[in-house]
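The lines below spell out each chain.
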Amino acid sequence: MSTQSIALPGTDATQRSLVEQLHQWVTTVDHKRLGLLYISYALIFLVIGGVEATIMRIQLIRPLNNFVSPQVFNRMFTMHGTTMIFFVAMPLVFGFANYLVPLMIGARDMAFPRLNAFSFWMTAFGGLLLYFSFVGGDGLYGAGNAPDVGWFAYAPLTAQAFSPGHSTDFWTLSLLVSGIGSIGTATNLMATILCLRCRGMTLGKMPLLAWLNLTMGWLVLLVVSPLTAAQLMLLVDRYLGGHFFDTQAGGSAVLWMHFFWVFGHPEVYVLVIPAFAFVSEIIPVFSRKAIFGYPIMVAATVGIGFISMSVWAHHMFTVGMSSSANTFFVLSTMAISVPTGIKIFNWLATMWGGQILFRVPMLFCIAFLFQFLIAGLTGVMLAAAPFDWQLTASYFVVAHFHYVIVGGILFAIFGAFYYWYPKMSGKMYNERLGQLHFWLFLIGFHLTFDFMHIPGILGMPRRIYTYEPGRGWDIWNLIVTIGVLFQAAGVVFFVWNMLWSYLRGVPAGSDPWDAWTLEWSTSSPPPAYNFAKIPEIRSRRPLWDLKHPEDPDWHYE
Amino acid sequence: MSTSSITLQEADRRWDLPARGPVGMYCLIAAESAIFTIFVVAYIFYIGKSLTGPQPREVLRLPIFLTICLLSSSVTIHFAVRLLRSGKIISFCLWWLLTIALGSIFLLGTLREWRHLIYDEGLTIQTNLFGTTYYSLVGLHAFHVTVGLLALATVMVFALRGDVGRQHAERAEVLSMYWHFVDAVWVVVFTVVYIVGR
Amino acid sequence: MEPSFIPALLLAGAFLSPTNIFAPVSTPAQSIYDLSLFVLQVTGAIFLVVFTLLTYAVVKFRKRKTADGREPAQVYGSTQLELAWTVVPVLIVVVLFLAAARVIASIQNAPKPDNAIDVTVIGHQFWWEFRYPSLKVVTANELHIPVSDPAHPTPTFLTLLSADTDHSFWVPRLAGKTDLIPNHPNSMWLDPHETGLFLGQCAQYCGTQHALMLIRVYVQTRDEFDRWVREQRLPAHTSGAISEGQKIFERTACINCHTVSGTAADGHFGPDLTHLMSRDTIASGAALNTPVNLRRWIQDPNTIKPGCKMPAMGLSDSELDAVTKYMETLR
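Residue numbers (the numbering used here), protein chains in the order written: chain A, 1 to 557; chain B, 1001 to 1198; chain C, 2001 to 2331.
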């Protein structure tokens, strides 16, 4: 059998065999390649997680449906949540950080390239381990042994007594392993940003994306570790006969909740802060104006990072904490809306008086602004604890967090895809296809997640595989499910665009957007060493200074 | 492939950023501190809540000697790194070896204490909440001591082969930061388990 | 609050769904509803303002075709503006916080009057046990409580316990949800001022059949409630001779899980069946209490609640008929 070598356009002329190319990818320590590995890995799991969601939505399209059994459904929502958070959102965020941070700070690579590779492969292995649960062990009800305890795996449901077999262990171990990868990447980001900035780039002059990834980095260090600790405790309970969460021995189920949410809430900020970073880079370029209020944007982000570690028990308003405890968490949760709101105003002010170009990255960022506003406001509603006593664990809160994660984070990530695609691939994406993706996905998103708030208000709890007719939930569930079709169609066009443009797209050049940060000063895609000469900079927008020597930024900063 | 370079007029300004080794170690220490904090919180939360079985004050004996050994090893490693920086390799090796010895004494002493608790007092990780939290917390610390000792031993092997010189002082310093962290954690564990919890 | 709003919403609410949180009939639900209206008004106003500004910006500042290629004026910040949009949100947060804090206190720290009805709720996988300790009543899945006159309240105070995993008691029109966590007793209270049937269900994922762990709350007049209590306290109605069905019931493993007071059956793993026929539904609301459904349930519970904890006992057709008949005597 002969080995085919694929000569991709834009690569050098020497024919490398497929095996050689694969070997290069598998052993790479280059931050750009690792970034692309993270991103591709996440996209595959995005599709898988989407399939899991689609299965659930088909089951819920009408009352008392039997498309899947309750056992399968419970595995679906557990795997969907776990996959999307740990094997889609986190890798996407780490992938973009990996690719962009060294370029934007004028470095040749991350601080610890081999740690970088190790971290990626740990994360990758974790995902494979989680999915092996479908085939490993003795499968039950045709769906394998996948975990079915919910993505936050409350005790004592996870005890051996209530979850025999190994399904819970797949959940625990896969997250433990990928958590090690996350801490490795966070360490790398911190060290890179603190130690490898090019000359002249003080902390006050680095791009907002670098600042926000720095914040995300220390947040990961501080909050993924509690999850690791809790999982170790769960393993002690399940395998060494420990009693950390064993209520029969005097243990506390609420303790698990505290430990999990001390991780779980800051985790969503780990995901959203890089989304803010993308928006903070894209909106200025497509409004043709500098970001409004850079210092406050930094301060607000750091503030969000700190406050986010003090709000966790707003996920536990119904577990029976004292009224004083509940009241404290109302205050801290509402307080975090202040720096977050400030950021929305700053983005608005950036667009104000600008010349807005409605290219695809900007479309996604504008949608982000509207949607994140709504998500934040439903968050404020949920922060009012008594209101939360009705709405938590219902479809209202499911709608809220999907509004944040899909309407906010995923839209920003799509924007980032289109914005940096020319840099990463050397080709321009197809604008028409991109617009199609945007509008289809927008319609689908709103059909699904706007209307999803209503069943929550009408008393529909979450994590139920079916529901009674006559509750008034039927029509809303139908509409929610229909929205999935549009979202799926949008994603199909997105993937098609990425692939097709790589093969047939117009060469992009180094700076297709007339942008201002350092990654646009090198070729597309950048050479392995990033820059022929490490740049020296004088302001936050080095390329603006070059392009406008009569009116450079450092006159004003 | 074109790159543009942006040069400054004032290229003579110093540009000193922190070294990546210590920064990386501080990050690891931050993450590990968070893990230990959770185990300590669980320990404190469950003080006095065991429904049955041996209670701390019945079975725990203050490990004064072991604590002195471990904390002294912080001093010895500090001297070792200083000596390495001045290029005094032989003295460095001696103090480094002393550190390893003190750490090993601590570890062996912990194992001895556990043997006593399990076989003489009947306290295992399964016995009650005290057993679960005690073995987990002290065990997690002991695991970190073990990993540290392995790293120190690796350096010892290189040093004995003559491959370690004063140019490695910063790396040895980074390792010693980890060791100091492990000792600091012991101070907390000792206070929580043997003083507050009894 | 705008008074005309409320009855309209209530009407619409009751029309839309029997579990609408915006159709409260009990004080905790009502307090939450009032707070939620306030919060919605504030967040609604914020939404309108910011939405308008965003839309305006997107429309007004789009790049015109007539643009001359010059970049617009670069504005790096404005201290006054940034101060303003920090201070105003802080004030809004303070107001919302105080409003919420007040309602938290009023619900969580409500004093318990002497004439309150006490019910202990024990959550099981996947059914509800209701015990009235002072009234000496034990039943399952369908909670009967007296209506409470706002002038002379007779609230019901629930103590929430769990026999296995976490559950949550949620009857939206009566109160917010409160969790049932093993080794962590909780409490909540209801004071419905309308009679009727109010629906709810478990709201904390507790395993395979979480979805069909339904709650039915029957709010009755005082007289009706007292009569119900009297009947529930009686031991099982027997006709004297022990029926064939009762013999089968007692010789198979049924009595290991179920209680029929006044007989040998004294199990506690499953619902108390002493007055099974006084209930409208079986299987924690998953099926109506008809002879056909009852027989189907006993034959194989997994046909109604796949994955529930009651096993199929492998009874023959004639045994099934006999046992079903016996169940039907448990009024």
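Be aware that a few hints might be false.
[To be verified] Okay, the calculated bits of chain A under chain C, using three or more residues with CB under 8 Å as the criterion: (1) 288 to 296; (2) 343 to 356; (3) 397 to 410.
Honestly, the hints are just simulated from the structure, not real lab data. In this text, all values refer to a predicted model and were calculated from it rather than measured experimentally. Just so it is clear, CB atoms sit at the ideal spot from N, CA and C, and this is done for glycine as well.
Annotated coverage of the segment 397 to 410 of chain A by chain C, confirmed only when three residues or more have a Cβ within 8 Å: Three-residue rule not met by the segment 397 to 410 of chain A, so violated; n is 0.
Within 8 Å of chain C (C-beta), three or more residues of the segment 343 to 356 of chain A: Result for this restraint: holds, n = 11.
Outcome, coverage of the segment 288 to 296 of chain A by chain C - at least 3 residues whose beta-carbon is closer than 8 Å to one in that chain: Held - the segment 288 to 296 of chain A has 8 residues with a Cβ nearer than 8 Å to chain C, which meets the minimum of three.
The structure is inconsistent with hint 3 alone, although it conforms to all the rest.
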